[in-house]
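Asker: Heads up: the sequence lines are chains A and B, in that order. The end of the first sequence is residue 174 by this note's numbering, with every number in the run present. The end of the second sequence is residue 589 by this note's numbering, with every number in the run present.
It should be emphasised that the hints constitute simulated quantities derived from the structure, not laboratory data. Don't be surprised by glycine CBs; every beta carbon is placed ideally from N, CA and C. Hints are not guaranteed to be accurate.
The calculated label-pair distances, taken between Cβ atoms and stated as ranges, are [unchecked claim]:
| id | chain 1 | residue 1 | chain 2 | residue 2 | range |
| --- | --- | --- | --- | --- | --- |
| 1 | A | Lys170 | B | Glu67 | 56 to 62 Å |
| 2 | A | Thr58 | B | Lys29 | 30 to 36 Å |
| 3 | B | Lys60 | A | Thr89 | 47 to 53 Å |
| 4 | B | Gly342 | A | Thr58 | 29 to 35 Å |
| 5 | A | Gly52 | B | Glu301 | 30 to 36 Å |
| 6 | A | Pro72 | B | Pro200 | 37 to 43 Å |
| 7 | B | Arg132 | A | Lys161 | 31 to 37 Å |
| 8 | A | Thr21 | B | Glu301 | 29 to 35 Å |
| 9 | A | Gly52 | B | Gln520 | 42 to 48 Å |
| 10 | A | Pro72 | B | Gly288 | 46 to 52 Å |
| 11 | A | Lys170 | B | Glu434 | 46 to 52 Å |
| 12 | A | Glu163 | B | Ser368 | 49 to 55 Å |
Computed, partial: chain B to chain A, Cβ under 10 Å [what the hints assert, rightly or not]:
| id | residue |
| --- | --- |
| 13 | Glu18 |
| 14 | Asn19 |
| 15 | Gln23 |
| 16 | Tyr24 |
| 17 | Ser45 |
| 18 | Ser46 |
| 19 | Gly82 |
| 20 | Ile136 |
| 21 | Phe296 |
| 22 | Asp297 |
| 23 | Leu324 |
| 24 | Gln330 |
| 25 | Leu392 |
| 26 | Glu462 |
| 27 | Met469 |
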Amino acid sequence: MMLGEKKMSTMVKPCKCRTETKKELFYKISEIVDDYRGKEGSLIPILHIAQGIYGYLTPELLQFIAEKLNLPFSKVYGVATFYSYFTITPRGEYTIRVCLGTSCYLQGGKKVLAQLKKQLGIEIGETTPDGKYTLEVVRCIGECGMAPNISINNTSFTNVKPENIGEILKSLQH
Amino acid sequence: MAKATVNSMRITSLQELENIRRQYEEKQKKYKYRVAVCSGTGCISSNCGEVKDALLEALKKKGLTEEVFVSCTGCIGLCSLGPLVAVYPEGVLYTKLTPAKVAEIVEAHLVNSEIKTEYTYYDVKKNIHIPRIGEIDFFKEQVRISLRNCGYIDCSSLEEYLAKDGYLGLARALLEMQPAEVVKAVKDSGLRGRGGAGFPTGVKWESTLNTPGKEKYFICNADEGIPGSYMDKALLEGDPHTIIEGMLIGAYAVGATKGYAYIRAEYPLAVDRLDAAINQARKAGLLGQNILGSRFDFDIEIRTGAGAFICGEETAMMQSIEGLRGEPRQKPPLPTESGLFGKPTVINNVETLASIPPILFNGPAWYSSFGTEDSKGTKVFSLSGSMVNNGLIEVPMGVTLRKILEDIGGGIKNNKAFKAAQTGGPSGGCITSEYLDTPLDFSSMQKIGTIMGSGDFVVMDEDTCMLDMVKYFMEFVQEESCGRCTSCRIGTKRMLEIIERITSGAGREGDIGLLEELGQTIQETSACGLGQTAPNSVLSTIRYFREEYNEHIRNKYCRGGVCTELSSFARAGKTEGQSCKVLPLTTKK
Numbered sequence: 001m002m003l004g005e006k007k008m009s010t011m012v013k014p015c016k017c018r019t020e021t022k023k024e025l026f027y028k029i030s031e032i033v034d035d036y037r038g039k040e041g042s043l044i045p046i047l048h049i050a051q052g053i054y055g056y057l058t059p060e061l062l063q064f065i066a067e068k069l070n071l072p073f074s075k076v077y078g079v080a081t082f083y084s085y086f087t088i089t090p091r092g093e094y095t096i097r098v099c100l101g102t103s104c105y106l107q108g109g110k111k112v113l114a115q116l117k118k119q120l121g122i123e124i125g126e127t128t129p130d131g132k133y134t135l136e137v138v139r140c141i142g143e144c145g146m147a148p149n150i151s152i153n154n155t156s157f158t159n160v161k162p163e164n165i166g167e168i169l170k171s172l173q174h
Numbered sequence: 001m002a003k004a005t006v007n008s009m010r011i012t013s014l015q016e017l018e019n020i021r022r023q024y025e026e027k028q029k030k031y032k033y034r035v036a037v038c039s040g041t042g043c044i045s046s047n048c049g050e051v052k053d054a055l056l057e058a059l060k061k062k063g064l065t066e067e068v069f070v071s072c073t074g075c076i077g078l079c080s081l082g083p084l085v086a087v088y089p090e091g092v093l094y095t096k097l098t099p100a101k102v103a104e105i106v107e108a109h110l111v112n113s114e115i116k117t118e119y120t121y122y123d124v125k126k127n128i129h130i131p132r133i134g135e136i137d138f139f140k141e142q143v144r145i146s147l148r149n150c151g152y153i154d155c156s157s158l159e160e161y162l163a164k165d166g167y168l169g170l171a172r173a174l175l176e177m178q179p180a181e182v183v184k185a186v187k188d189s190g191l192r193g194r195g196g197a198g199f200p201t202g203v204k205w206e207s208t209l210n211t212p213g214k215e216k217y218f219i220c221n222a223d224e225g226i227p228g229s230y231m232d233k234a235l236l237e238g239d240p241h242t243i244i245e246g247m248l249i250g251a252y253a254v255g256a257t258k259g260y261a262y263i264r265a266e267y268p269l270a271v272d273r274l275d276a277a278i279n280q281a282r283k284a285g286l287l288g289q290n291i292l293g294s295r296f297d298f299d300i301e302i303r304t305g306a307g308a309f310i311c312g313e314e315t316a317m318m319q320s321i322e323g324l325r326g327e328p329r330q331k332p333p334l335p336t337e338s339g340l341f342g343k344p345t346v347i348n349n350v351e352t353l354a355s356i357p358p359i360l361f362n363g364p365a366w367y368s369s370f371g372t373e374d375s376k377g378t379k380v381f382s383l384s385g386s387m388v389n390n391g392l393i394e395v396p397m398g399v400t401l402r403k404i405l406e407d408i409g410g411g412i413k414n415n416k417a418f419k420a421a422q423t424g425g426p427s428g429g430c431i432t433s434e435y436l437d438t439p440l441d442f443s444s445m446q447k448i449g450t451i452m453g454s455g456d457f458v459v460m461d462e463d464t465c466m467l468d469m470v471k472y473f474m475e476f477v478q479e480e481s482c483g484r485c486t487s488c489r490i491g492t493k494r495m496l497e498i499i500e501r502i503t504s505g506a507g508r509e510g511d512i513g514l515l516e517e518l519g520q521t522i523q524e525t526s527a528c529g530l531g532q533t534a535p536n537s538v539l540s541t542i543r544y545f546r547e548e549y550n551e552h553i554r555n556k557y558c559r560g561g562v563c564t565e566l567s568s569f570a571r572a573g574k575t576e577g578q579s580c581k582v583l584p585l586t587t588k589k
């Protein structure tokens, strides 16, 4: 797999939302909800954007959204916890998703996952103590011809071997 | 008349559409070469961006920018050999490119008209380079209808799409036909849904057309969740306007004025490209009101999924668009009667929609001349696993597994033996070497215990453990079950527990019978397709690989060497403590 370190830094952007105050972030989300007001079935797009701004969907944020949309909290919470892309716990700067689609599973994806667990010292669904990396599994990202694959913050890496993991993680820092 | 471009005017008639097309074609005539740089996600991950930058720089240095047209295209198809570049008019395919190689190709091919053979496609079976796409086995057998533009047109250009008969199918439908005639054309073509169910598209449209109601919806199902599938992704990334045109034709046929494209969150590039195409179409008046000067209004909104496989099921998808948990609804009523927000709704797969414009443009008889009696047209398959050539292909329905495996796929890597091909993902089954000559169409595949599925085609070699693969599918189903039906929620868990026991060496006599009984119960008592097909992979492997199950259970032996708690040496006896004859495997990891 070809890796250009310079290319990596422009492709994978860490989430910047932690520099703003909670009030500022809630205000931004409030504006988004207002944009979507009146559009039927807009809860899921709102949750996507809210999570993109805030980083994760806290109960407080979900309550805020529920009130703005005039929906029961239980309904909003039920949607947020149904879909695997939404999280109610903080994620790291980089969300590393290991593809375990059929092809990746058969072509060494489990070994890549094992190496990541070992190197980061965390299990699936967990975040490193320094808040840098969250490890998840995804099935699949649709690049099966070049298995095994991983995606980091929506940028994919193909033909990944366990011995490449160190290099990939290092290049994220530039 | 002022020169019309698609950026400067709204297209309000067929005449204007054709003017833009002709003017663009005239403009293109000045180019001596077209260089197509594959810009699907796969090649992007392989750094095709650097290859493209190097190409542009080399062209500038050589003063060739007015002679060479660079097109960033959708998937050319040979995903395992990217980054890929194709040079026309010769149709030469260069593979595994780097910036340095590209500079050499510019010098040799574009300046000196000499094909740089050493960088072209290499056929490992025949041990020769085969430069021309039309002569490469991987491409020779293909008939690209849905994929007609992928790998050639610039995927970000509306003009490029128009130049390849884009929106002429819509013009024919909208300006020359009544909705019922459009429905009849699609019915006559024999097109069946390409998402997996294979329901006749024309029948679905007819049902919706005949349901009274002023408000109807048209949904594009781009929640391509089956592992191993990337056909829809390639179409959305490589030819987004064909999806828009397909939706427009369908919406006109059934009387819908609002459309949704539901794309899974795992496909951000597909979302971006379709979004850009929708904006282009709106600016050009091809979406919105009074399309092409008719009284037909239609617009499309993109909705992204959020990581729930079940939302690929049509009723769960509608729940998701409505902002709810993606739990499937009871049918009847069918979506065509009462669907999104309670209104009549059509949900069609991406590949199905990509087939619609050429059906309207070329006529249904043309389309139904491909394929078999019960499966007309072509099918896109995404090849992966142990074959030499993995990637995207489109072949007439009815092509055999043998042709895909041996001719198109180039055989199995590293001279391993073929074991099975998996189709239909967790809902499907496997095809063994006994059935290599089975035609790949809906009915033939059902007879051998699998399904066409959406087109995922995973090839396994002798080192694959079928129980490990089945464990994977059951884990998948367990994760993705919405939890509503007891039989699916708990039944699949019990099946998984049994498989886990077997693969960890604790299998018991009677486990196979239990799996079969559980499987049948789940099939018969689940409310939706996910549950109804969840046991398929287990039942299919029991049918064809029963011996492997018995080896795991009775002999604690995994012939693939995958189940690490089992031996990779065969033991002749069942009882512990007795001396046994140990047989070494001929292939061992």
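Asker: Hint says 42 to 48 Å; check whether the CB-CB distance for A/Gly52 and B/Gln520 agrees.
Answerer: Taking Cβ atoms as reference, A/Gly52 and B/Gln520 lie about 45 Å apart, which means the hint holds.
Asker: Classify the hint on B/Tyr24 as holds or violated, based on whether any CB of chain A lies nearer than 10 Å to its CB.
Answerer: Violated: closest Cβ of chain A sits about 31 Å from B/Tyr24, beyond 10 Å.
Asker: Holds or violated: is there a CB of chain A closer than 10 Å to the CB of B/Asp297?
Answerer: Status violated, d = 18 Å.
Asker: Tell me if the interface restraint on B/Gln23 is satisfied: Cβ within less than 10 Å of some Cβ in chain A.
Answerer: violated, 36 Å
Asker: If you take the shortest Cβ to Cβ gap from B/Gly82 to chain A, is it below 10 Å?
Answerer: holds, 8 Å
Asker: Given a cut of 10 Å on the nearest C-beta pair, is the interface hint for B/Ser45 held or broken against chain A?
Answerer: With a minimum Cβ separation of about 4 Å from chain A (threshold 10 Å), the hint on B/Ser45 holds.
Asker: Between the beta carbons of A/Thr58 and B/Lys29, is the distance compatible with 30 to 36 Å?
Answerer: Since the Cβ atoms of A/Thr58 and B/Lys29 sit about 60 Å apart, the hinted range of 30 to 36 Å is violated.
Asker: So, B/Leu324 near chain A? Judge it on the closest CB pair being under 10 Å.
Answerer: holds, 7 Å
Asker: Once the shortest beta carbon distance from B/Gln330 to chain A is found, is it less than 10 Å?
Answerer: violated, 19 Å
Asker: Using the beta carbons of A/Lys170 and B/Glu67, state whether their distance is inside 56 to 62 Å or not.
Answerer: violated, 42 Å
Asker: That 29 to 35 Å hint for A/Thr21 and B/Glu301 (C-beta), does it hold up?
Answerer: holds, 33 Å
Asker: Min Cβ distance, B/Asn19 to chain A: is it shorter than 10 Å?
Answerer: violated, 37 Å
Consistency note: the structure conflicts with the earlier hints numbered 1, 2, 5, 10, 13, 14, 15, 16, 20, 21, 22, 24 and 26.
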